[in-house]
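Please model the entire structure based on the sequences and the hints provided.
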Amino acid sequence: MEYLALEPGGPPLVGLANGPVVEPFLARHDRLLDYVEVSFEQLRHNPVAAQLQEQIPVLLHCSSMSVAGFVPPTDQTLEAIAEHVDRTRTPWIGEHLAFISADALGGDDAVGPTELTYTVCPQLSEETVERVVVNLSCLRTRFSVPIILENSPQYLALPGSTMTMAAFVAQVAQRCDVDLLLDVTHFLITANNMGLDPIASVHELPLERVVEVHLSGMSQQSGRWWDDHAAPVPDAVFDLLRQIRRRIRPKAVTFEYNWAPSMPESVIVDQIIFTRDLLAV
Amino acid sequence: MVAAGLADPDRLRAWRDRPDLLAALGLAPATVDLEALEDFAGLSEKIRYNQCRGDLPLTFRLLSLTQLEIDLFRQYAPQSLARRQLGRVSTSERLDGLLLFVEAWTSDTDPVRCLVRDVLRHEHTIASLRSAPVASRVEVSRDLVVPRHNGRLVIHRMTCDPRQVGTVLRDRHPDLTQIRRGRWTFGYHRSTAGPLRILEMEPGIGDLLMTIDGRRSFDQIAADLFGDAGASDMLHAAFAQLTRLGLLVWDAPEGVAS
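Protein sequence lines, in the order shown, are assigned to chains A and B. Letter 250 of the first sequence, counting from 1, is numbered 249 in numbering that gives the first Met the number 0, and no numbers are missing. Letter 88 of the second sequence, counting from 1, is numbered 87 in numbering that gives the first Met the number 0, and no numbers are missing.
Calculated from the structure, these hints are not laboratory results. Treat the hints with care, since some could be wrong.
Going by beta-carbon spacing under 7 Å, a handful of chain B positions derived as facing chain A [said to hold, decoys possible]:
| # | residue |
| --- | --- |
| 1 | VAL31 |
| 2 | LEU33 |
| 3 | ASN49 |
| 4 | GLN50 |
| 5 | ASP160 |
Per the computed footprint, the stretches of chain B lying under chain A, defined by three or more beta-carbons under 8 Å from a beta-carbon of chain A, are [as the list claims (entries may be wrong)]:
| # | stretch |
| --- | --- |
| 6 | 35-46 |
| 7 | 51-65 |
| 8 | 80-89 |
Please read these numbers as outputs of a predicted model, since none were measured by experiment. Just so you know, even glycine gets a beta-carbon here, dropped at the ideal spot from N, CA and C.
This is the structure:
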């Protein structure tokens, strides 16, 4: 088995999120990648995905903890995540600062919680910050490695919100003393959709806490910007990364092309080389 | 409220039609961007279709380039939810559901939607012919008078040539103005013996192939087509040609052993 080795103060490692493009890419360019980011949900529903670690180290990602929600994950789920943490020897668990389960509308307990297939940006408010503080303090005790939190893409103004995404993330980081997974694409999508200046906004984040960076594509449709893991990372995302490169010291940068059945290898190769140069110490 | 709306697009539509339902939940309707929420439901639906991307690379590429993905999946979401509730969640069932929706969503006066429909038909047919079992071939003999398709044959009329569309879409910077539009008829054919074939054909040949149902004899088909005049030499020749191309085989009439 291959395990991730982090060199203190070294340049960031570069990896790909697990998806159909990974296997053919690894077969031809294994030296370009330091790791593959695999989600707990993939490992749970398709245990064969674990075999990837015979070839390359694995970084664990997760969408099941509903850190910013009111419905906690089951003990069984948390135990399963913990098993994968120990087996993969991941240095951290990247989890969304979002929710994926919610109480049934109108508090109808008989119906059971609403389960979604995509993490959702929560209401950006003091109340949600408090909720994250409580949830995270419980969740952290279950794992031998830290949880780091990933900013969500914001597609619409959430009812009851009282702050911007940057302010929300900053408050959570400060109150929870938690490090961050900065999804640069999510951040740019959020700024664009909410009419904010992305460069000014991104500097409101506690960037010194960024441990991992996510990069993916985005698309503009129906008057809004959307996350798109089947499209190449656009120049605008690299431009934003360039703006903050002096303030961040990520240990890992993950390209998310996991929705795509294929992606021109030259695109991935060029972007990996470009990113390594951009973030070289 | 956000989760409930995303999980059930019908509920989102109900809220849009009757804002008092939102007020009953303690939300001021003006504070909820239902339009954006419905688009978000479209994104969630699109993500559910990631498992189909391997079968529909051109369709997804085209939807992305024409910026129709979110709108299409937003409109499809209620129908898709109904299919999921019936347990129709396999890749082939999802492909079938999407095609059913797109056939109804497409108006013949909208060239972009026609293009999406045609490319989806093309990729859906290839996927279903690749995965479907093919009936065994029956040898031809002079006693056999009932023509039927040899294996599986699907005829599509198109407003484009999906093979040419594929060439355009595979470019790193596709130029959609290079897509040729017009009228094409294609036969998608797979017999037991051979690989999947895509044959461009005259519209009349496509019509003829579609009249063959595996139950009526050649003479019955000719009578249905031409009345008392019966089969012309041209029809004989056409059937013979289709048989030589491997598209037709012949059975004995019902009740007669071959």
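Here is what the structure says about each hint:
1. Among the interface hints, the one on VAL31(B) holds; its C-beta lies about 6 Å from the nearest C-beta in chain A, closer than the 7 Å criterion.
2. Checking LEU33(B) against chain A: minimum C-beta separation of about 9 Å lies over 7 Å; hint violated.
3. Contact between ASN49(B) and chain A, as hinted, is supported at the beta carbon level, the nearest pair being about 5 Å apart and thus within 7 Å.
4. Evaluation of the GLN50(B) hint against chain A yields a violated restraint, the C-beta minimum of about 10 Å exceeding 7 Å.
5. Restraint check, ASP160(B) versus chain A: the minimum CB separation of about 22 Å is more than 7 Å; hint violated.
6. A stretch counts as covered by a chain when three or more of its residues have a beta carbon under 8 Å from one of that chain; for the stretch 35-46 of chain B and chain A the count is 8, and the coverage holds.
7. Judged by the Cβ-Cβ criterion of 8 Å, the stretch 51-65 of chain B is covered by chain A as claimed, because 5 of its residues qualify and three suffice.
8. Coverage of the stretch 80-89 of chain B by chain A is violated [criterion: at least 3 residues with CB-CB distance below 8 Å; count 0].
Comparing the model with each earlier hint shows violations of hints 2, 4, 5 and 8; every other hint is respected.
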